[in-house]
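Enquirer: Going down the list, the protein sequences come from chains D, A and X. Note that this note's numbering gives residue 93 to position 93 of the first sequence, counting from 1, and the numbers run on in steps of one. One rule links them: number in this note's numbering = place in the second sequence (from 1) + 357. One rule links them: number in this note's numbering = place in the third sequence (from 1) + 654.
Keep in mind the hints are simulated off the structure, nothing from the lab. Predicted model, so just to flag it, every value in this text is computed and none were measured. It is possible that some hints are incorrect.
Here chain D is said to cover these stretches of chain X; the calculated rule only asks that three of the stretch's residues, wherever they fall, bring their Cβ under 8 Å from a Cβ of chain D [said to hold, decoys possible]:
#, region
1, 684–697
2, 845–854
Just a few of them, taken from the derived set where beta-carbon distance is under 7 Å, the chain A residues facing chain X [stated by the list, open to error]:
#, residue
3, Phe386
4, Gln455
5, Tyr469
6, Val610
Covered, in the sense of this in silico footprint (three residues per stretch, anywhere, with C-beta under 8 Å from a C-beta of chain A), are these stretches of chain X [as the list claims (entries may be wrong)]:
#, region
7, 663–676
8, 700–714
9, 740–747
10, 780–787
11, 793–807
12, 870–879
13, 919–932
Note that CB positions come from ideal geometry on N, CA and C, so glycine has one too.
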Amino acid sequence: MAGVRVSALSKSYGALSVLRDIDLEVAEGEFTVLLGPSGCGKSTLLNAIAGLDDINDGTIMIGGEDVTAREPSKRGIAMVFQSYALYPTMTVRGNLSFGLKVKGRPRAEIEKRVAWAAELLQITPQLDRKPGQMSGGQRQRVAIGRALVQDARLFLFDEPLSNLDAKLRTEMRVEIKKLHKELGLTIVYVTHDQIEAMTLATRIAVMQGGRIEQYAAPDELYERPETLFVAGFVGAPAMNFLPGIWRAGAVEVDGIRIPAGALDLRAPVADGTSVVLGVRPEHIGLAEDGAPGEAIATTMQFMEPMGADTLGWFAMGGHRLSVRLAPQRARAVAGATTLALDLRLASLFDATTERRL
Amino acid sequence: MRFNLRFVSGRIAAQVALLPAMLIALTVFCGATGWTVWISLTNSRMLPNTNFIGLRQYGSLFANERWIVSVQNLALFGALFIVISLALGFLLAVLIDQRVRAEDLLRSMFLYPFSMSFIVTGLAWRWILDPTLGISKLAHDLGFEAIQFDWLVRQDRVIFTLLAAGVWHAAGLVMAIMLAGLRGIDQEIWKATRIEGIPAWRTYLFVVLPMLKGSFATATILMATSVVRLYDLSVAMTNGGPGIASEVPAKFVMDNLFERQNIGLATAAATSMLVTVVAVVAPLLYWQSRSAERAAR
Amino acid sequence: MRGQSGAFSPVRLGIYGFLLISAAFFLLPLYVMVVTSLKSMPEIREGNLLALPGAPSAAAWIKAWSTACTGLTCNGIQVGFWNSVTILVPSVAVSISVGAVTGYALSLWRPRGAALLFGILMSVAFVPYQVFLFPLVRMFSYVGLNSTLLGIIVIHTIFGLPTMTLIFRNYFASVPIELFKAARVDGAGFWRIFGSIMLPMAVPIIVVAMILQTTGIWNDFIFGLVFAGRENFPMTVQLNNIVNSTQGEREYNVDMAATMLTALVPLAVYFISGRWFVRGIAAGAVKG
Ligand SMILES: Nc1ncnc2c1ncn2[C@@H]1O[C@H](COP(=O)(O)OP(=O)(O)OP(=O)(O)O)[C@@H](O)[C@H]1O
Ligand SMILES: [Mg+2]
Numbered sequence: 001m002a003g004v005r006v007s008a009l010s011k012s013y014g015a016l017s018v019l020r021d022i023d024l025e026v027a028e029g030e031f032t033v034l035l036g037p038s039g040c041g042k043s044t045l046l047n048a049i050a051g052l053d054d055i056n057d058g059t060i061m062i063g064g065e066d067v068t069a070r071e072p073s074k075r076g077i078a079m080v081f082q083s084y085a086l087y088p089t090m091t092v093r094g095n096l097s098f099g100l101k102v103k104g105r106p107r108a109e110i111e112k113r114v115a116w117a118a119e120l121l122q123i124t125p126q127l128d129r130k131p132g133q134m135s136g137g138q139r140q141r142v143a144i145g146r147a148l149v150q151d152a153r154l155f156l157f158d159e160p161l162s163n164l165d166a167k168l169r170t171e172m173r174v175e176i177k178k179l180h181k182e183l184g185l186t187i188v189y190v191t192h193d194q195i196e197a198m199t200l201a202t203r204i205a206v207m208q209g210g211r212i213e214q215y216a217a218p219d220e221l222y223e224r225p226e227t228l229f230v231a232g233f234v235g236a237p238a239m240n241f242l243p244g245i246w247r248a249g250a251v252e253v254d255g256i257r258i259p260a261g262a263l264d265l266r267a268p269v270a271d272g273t274s275v276v277l278g279v280r281p282e283h284i285g286l287a288e289d290g291a292p293g294e295a296i297a298t299t300m301q302f303m304e305p306m307g308a309d310t311l312g313w314f315a316m317g318g319h320r321l322s323v324r325l326a327p328q329r330a331r332a333v334a335g336a337t338t339l340a341l342d343l344r345l346a347s348l349f350d351a352t353t354e355r356r357l
Numbered sequence: 358m359r360f361n362l363r364f365v366s367g368r369i370a371a372q373v374a375l376l377p378a379m380l381i382a383l384t385v386f387c388g389a390t391g392w393t394v395w396i397s398l399t400n401s402r403m404l405p406n407t408n409f410i411g412l413r414q415y416g417s418l419f420a421n422e423r424w425i426v427s428v429q430n431l432a433l434f435g436a437l438f439i440v441i442s443l444a445l446g447f448l449l450a451v452l453i454d455q456r457v458r459a460e461d462l463l464r465s466m467f468l469y470p471f472s473m474s475f476i477v478t479g480l481a482w483r484w485i486l487d488p489t490l491g492i493s494k495l496a497h498d499l500g501f502e503a504i505q506f507d508w509l510v511r512q513d514r515v516i517f518t519l520l521a522a523g524v525w526h527a528a529g530l531v532m533a534i535m536l537a538g539l540r541g542i543d544q545e546i547w548k549a550t551r552i553e554g555i556p557a558w559r560t561y562l563f564v565v566l567p568m569l570k571g572s573f574a575t576a577t578i579l580m581a582t583s584v585v586r587l588y589d590l591s592v593a594m595t596n597g598g599p600g601i602a603s604e605v606p607a608k609f610v611m612d613n614l615f616e617r618q619n620i621g622l623a624t625a626a627a628t629s630m631l632v633t634v635v636a637v638v639a640p641l642l643y644w645q646s647r648s649a650e651r652a653a654r
Numbered sequence: 655m656r657g658q659s660g661a662f663s664p665v666r667l668g669i670y671g672f673l674l675i676s677a678a679f680f681l682l683p684l685y686v687m688v689v690t691s692l693k694s695m696p697e698i699r700e701g702n703l704l705a706l707p708g709a710p711s712a713a714a715w716i717k718a719w720s721t722a723c724t725g726l727t728c729n730g731i732q733v734g735f736w737n738s739v740t741i742l743v744p745s746v747a748v749s750i751s752v753g754a755v756t757g758y759a760l761s762l763w764r765p766r767g768a769a770l771l772f773g774i775l776m777s778v779a780f781v782p783y784q785v786f787l788f789p790l791v792r793m794f795s796y797v798g799l800n801s802t803l804l805g806i807i808v809i810h811t812i813f814g815l816p817t818m819t820l821i822f823r824n825y826f827a828s829v830p831i832e833l834f835k836a837a838r839v840d841g842a843g844f845w846r847i848f849g850s851i852m853l854p855m856a857v858p859i860i861v862v863a864m865i866l867q868t869t870g871i872w873n874d875f876i877f878g879l880v881f882a883g884r885e886n887f888p889m890t891v892q893l894n895n896i897v898n899s900t901q902g903e904r905e906y907n908v909d910m911a912a913t914m915l916t917a918l919v920p921l922a923v924y925f926i927s928g929r930w931f932v933r934g935i936a937a938g939a940v941k942g
């Protein structure tokens, strides 16, 4: 096992710049998730680490060795693909052993490793079947097994669960997490599913437009988003944004003053700065129930029951706030309502740079 | 620094594997074309020489009656062949698409001629149209004494006998292409037109036909290509006769290359064919790729 | 669904009527060839084209196969048949191999010059062969390939290249690219990926290519005439010579038997392959 260090990586297709000056470090044994919207360059970055695509600039180190100009098979990596990419004409056994055979490993060793991986992933009974005769979940296991037998230093996963139904996805998620723990693998994992990212990762790199916006542990990312984009992208239901002006220790939103003394700021903010106040729905409560925070007057608009919680929507001036409420409590709320914004856990962003203040 | 994986072993192997095709493309396809064009600008007869005479071969080519007849034949044959085959093929496809019985059998019967060579096609039709023992005799035996079906030996009609054989050979292909196109049309469109009460024939004419543009382009390009290459059929059926009444350009080139030893004239004719093909096919291809692009969106 | 199924309306009668008349038109030549080949010459002269043979006889077929004459030699069309087989087998094998490798390299490896090569190949699919013939004859005689078996095999490979490359390129381009990436991560190189993964997947398209090339090469006339040489004339050329060189009275029954014999191989391919044949034409037809 070994870590990865990507420095100053750039890649473009003709005039289209897909990765811009990427720096990323993955420590040994770490589970790094690349998270971002479709087309932000996640797969491209993963392919660059794997050596499957040319890059324009930068270096890639795996286990302390510079592998920038090496072929994929000489980088000590294994990869699991979104479509599984199982060789359709080979049996499961053939799929698992192909890479080892190409590398000229002795027969006995190949058999041993294949048996080990099959046992671990519970696909031993299917070893002599073709991928076409297997279910999605089984194919997924074979794809992971094919990566595991490689005895690689680094495992790359490109949206491996996105073709599975919701239930299987949860099962496989647990299984991957278990494999990571038990075998101590180093993993770089691409997904655009934030639940997957939050549950699996030791660190998440949120990507947008070919850049890494923030690279941090899941809690940190959720609680202290570095940019407006990260704040909006991570978390469901999404964070509430209130654009306003900073004046004398308070945020003025449409003329309404919200005293912001409780905010955890990095540095004093100059008066007159355009800012965006970000508050998560769970950090807003009903003032009459004694919720902590700044009181603001709003009007209830409608309720969205989600099962465990109900999401309440409230109008405040020209803006709309979503609030997580207990379902029983939500039924009794109507008309003019005073909400309490708990700013101790809120974020403040500069409206022009979109960075955290 | 710019890192490029282009020279890893796999790509070198790919480059090597492409060599035969590259060699063929450059020497045969490009080289031979260039050489042919060059010879057409010289006064070569039996052997190629380098006496440049400009476009004089083209002057004598277009003063050559045999060539003019060949070109006229090809234009007439080509236009009728393509139009009739498209119409018949489309009609057959639409009819077969009406959930008829024995669809597979009918399709095989329409398409099998396409598997046969033009030589076989030509000889079969030559026998059927034989002026003494063929259809003509059949008509006489049945009591239609007045019918004189001797088009195979009539200078002003012989081209239509080629046409019959050509349509027989190709209409099934058009049918197959059109049927594939019809089957590819979204079933919901049929449901929609039925709900709106649009009669089937109108749907075919105004909804389906425009949707089959791509199939029409494909069929037209295939047939246009075979029209320009038309040679074997004329050789087998009439050998250009009677007189020069069924000569075609490809045969003109072959005769001048290998029998009349006039390669300057032959290559001028070949070059003229090439220019015509480029002029006809390029816009069609452009149209086809445009409509494919639009369909992809 | 179009049309009303079930009930026989006048419209449906019309549809069946037209289809049956068309079927008669398409079947007529085949029928006439077969009955003529089974008749004797007096019967042909006296009876009519469509009449069934009074006393069917295979004599014309036997004569066509073993003793019909071209010029002074009278060995029947079997000579041409075996020549065609000898040309066909290696030509099909070589042209498909070259096309498959070229299509594979073009679609998955994007080597230098790929776009140029592909453009040239696609344009050639439309160009009349007459444009290439004379220079090719000169080149071939320069390297001693004229009128040789090897020469005609090379010719079929050259002119099969555009279509073969196209169908294999299209096929391999439709293979999920991740499969190719997985194989590269597994350490397989150009030939290993081709042999172990791509070729086994490409069996259907290889069948299509074989159908296309077998009928195409068997039916070829012009290349056989120009490049094969007298010794190797394929069946089509031999057939044309037999039919056109009969001295004295023309024997239509023998001519038709020889014609049928020549048509048998492509007809067999057609009827055995069924829908694959159409697939083959469609694959070869979708240019660009
Ligand atoms: N071969 C290519 N040629 C040109 N542009 C490409 C190519 N491959 C990818 N791109 C572009 O690069 C950008 C990043 O693509 P990438 O596949 O890395 O996105 P992604 O983050 O993995 O998205 P997804 O979640 O949809 O898989 C996209 O805008 C895409 O259009
Ligand atoms: Mg992706």
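Enquirer: Next, verify each hint and record whether it holds.
Expert: Outcome of the hint check:
Residues of the region 684–697 of chain X with a Cβ under 8 Å from some Cβ of chain D number 0, which does not satisfy the need for three, so the listed coverage is violated. Counting residues of the region 845–854 of chain X whose CB lies closer than 8 Å to any CB of chain D gives 4, so the stated coverage by that chain holds, three being the minimum. Because the smallest distance between the Cβ of Phe386/A and any Cβ of chain X comes to about 5 Å, under 7 Å, the interface hint for this residue holds. Among the interface hints, the one on Gln455/A holds; its C-beta lies about 4 Å from the nearest C-beta in chain X, closer than the 7 Å criterion.
The interface hint given for Tyr469/A is met, as the beta carbon of that residue sits about 6 Å from the closest beta carbon of chain X, less than 7 Å. The restraint placing Val610/A at the interface with chain X holds, with a minimum CB-CB distance near 4 Å, inside the 7 Å limit. Remark: the region 663–676 of chain X is confirmed as covered by chain A, as 6 of its residues place a Cβ nearer than 8 Å to a Cβ of that chain, reaching the required three. Given as covered by chain A, the region 700–714 of chain X passes the check, having 3 residues with a CB less than 8 Å from a CB of that chain where 3 are the minimum.
Coverage of the region 740–747 of chain X by chain A is violated [criterion: at least 3 residues with CB-CB distance below 8 Å; count 0]. With a threshold of 8 Å between beta carbons, the proposed coverage of the region 780–787 of chain X by chain A holds, since 8 of its residues qualify and at least three are required. Requiring three or more residues with a Cβ within less than 8 Å of a Cβ of chain A, the coverage given for the region 793–807 of chain X is violated, as only 1 such residues are present. Three residues within the 8 Å Cβ limit are the bar, and the region 870–879 of chain X against chain A gives 5, so the coverage statement holds.
For the region 919–932 of chain X, the proposed coverage by chain A is satisfied: 8 residues have a C-beta within less than 8 Å of a C-beta in that chain, meeting the threshold of three.
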